[in-house]
Amino acid sequence: MNELTVGNRGGTSLSIPTEARTRTGTAGGFSDALSNAVAEVNNLHQNADKAVLNVQAGHTDSLHEAIIALEKADISFRTMMTVRNKMIEAYQEIMRMQV
Amino acid sequence: MDLITSFKISGSGLAAQRAKLDVVTSNLANVSTTRTPEGGPYRKKTIAFAAENVAGNFSSAMNGAVQSVKVDEIREDPNSIKRVYDPAHPDADAKGFVALPDINIMAEMADMIAASRAYEACVTAFDSTKNMVQKTLEMGR
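First to last, the protein sequences are chains U and B. End of the first sequence = 99 in the numbering used here, gap-free, step of one. End of the second sequence = 1141 in the numbering used here, gap-free, step of one.
Don't read these hints as lab results, they were simulated from the structure. All values reported here derive from a predicted model rather than from experimental measurement. Yeah, the Cβ is synthetic: ideal placement off N, Cα and C, and Gly gets one too. One or more of the hints may lead you astray.
Unchecked claim - Footprint (simulated), chain B over chain U, 3 or more residues, beta carbon under 8 angstroms: (1) 57-65; (2) 77-84.
Claimed, not checked - Derived DSBU-like pairs: lysine-lysine, alpha-carbon spacing no greater than 35 angstroms straight-line: (3) K1070(B) <-> K1130(B); (4) K1045(B) <-> K1008(B); (5) K1045(B) <-> K1095(B); (6) K1070(B) <-> K1082(B); (7) K50(U) <-> K1008(B); (8) K1135(B) <-> K1008(B); (9) K1130(B) <-> K50(U); (10) K1130(B) <-> K1008(B); (11) K1095(B) <-> K1082(B); (12) K86(U) <-> K50(U); (13) K86(U) <-> K1130(B); (14) K1045(B) <-> K1082(B); (15) K1008(B) <-> K1070(B); (16) K86(U) <-> K1008(B); (17) K1135(B) <-> K50(U); (18) K1135(B) <-> K86(U); (19) K50(U) <-> K1070(B); (20) K1045(B) <-> K1070(B); (21) K1070(B) <-> K1135(B).
Here chain U stands alone, though its shape is the one from the complex (with noise of 0.2 angstroms):
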């Protein structure tokens, strides 16, 4: 399981670095870190819709600024069904151990 911790801290610095780095300071559980990355991947989509909003509103003309916002929410979503994967995989890993 703390491999799967690590692995999730790094998912979190890759969306909102700053951040990221002073909370895992302190020594948070692994549903901390999971809920907050989930947190921040909900925050850069919820980001990315503003953008597209704005830009169909014609709010603003940087097509490219929406677009980079999108790519951003997709990629730390990405990242963070990775973490996902590798912890359902690690789970199923224990499940089979012989007791």
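With the hints as your guide, set chain B onto chain U.
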């Protein structure tokens, strides 16, 4: 991997090249404009870019080495006026000469192509950063 920085730099490049394309378009559109709010014919505009340190989280080795771009100024060339003989023109002077903006359409088209190629290059850089991240996520799969 600091993808945020890379995205920021690509984004600044896209914005800068778009601004350049705006200036070129303005020059092309006003190639025969004789009236402006400031008076006189349209003056050819040129854009200048400046490098800018990226604010954010850099490792010390990268600090100041990588820079994004911003639009520094858009300058009007006050002397870019040519006098053409056209007595029928409403803005012709007593001798029949009209002051027109001295804009070389070929040079503007070349600038336009350069701007759109640079824009494409920024998009490619962005895509390749994204590919790097996706390949990283595929690691150990």
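Hints versus structure:
{"no.": "1", "hint": "57-65", "result": "holds (count 3)"}
{"no.": "2", "hint": "77-84", "result": "holds (count 3)"}
{"no.": "3", "hint": "K1070(B) <-> K1130(B)", "result": "holds, 23 angstroms"}
{"no.": "4", "hint": "K1045(B) <-> K1008(B)", "result": "holds, 27 angstroms"}
{"no.": "5", "hint": "K1045(B) <-> K1095(B)", "result": "holds, 28 angstroms"}
{"no.": "6", "hint": "K1070(B) <-> K1082(B)", "result": "holds, 32 angstroms"}
{"no.": "7", "hint": "K50(U) <-> K1008(B)", "result": "holds, 18 angstroms"}
{"no.": "8", "hint": "K1135(B) <-> K1008(B)", "result": "holds, 20 angstroms"}
{"no.": "9", "hint": "K1130(B) <-> K50(U)", "result": "holds, 21 angstroms"}
{"no.": "10", "hint": "K1130(B) <-> K1008(B)", "result": "holds, 13 angstroms"}
{"no.": "11", "hint": "K1095(B) <-> K1082(B)", "result": "holds, 15 angstroms"}
{"no.": "12", "hint": "K86(U) <-> K50(U)", "result": "holds, 31 angstroms"}
{"no.": "13", "hint": "K86(U) <-> K1130(B)", "result": "holds, 21 angstroms"}
{"no.": "14", "hint": "K1045(B) <-> K1082(B)", "result": "holds, 15 angstroms"}
{"no.": "15", "hint": "K1008(B) <-> K1070(B)", "result": "holds, 11 angstroms"}
{"no.": "16", "hint": "K86(U) <-> K1008(B)", "result": "holds, 30 angstroms"}
{"no.": "17", "hint": "K1135(B) <-> K50(U)", "result": "holds, 28 angstroms"}
{"no.": "18", "hint": "K1135(B) <-> K86(U)", "result": "holds, 16 angstroms"}
{"no.": "19", "hint": "K50(U) <-> K1070(B)", "result": "holds, 24 angstroms"}
{"no.": "20", "hint": "K1045(B) <-> K1070(B)", "result": "holds, 17 angstroms"}
{"no.": "21", "hint": "K1070(B) <-> K1135(B)", "result": "holds, 30 angstroms"}
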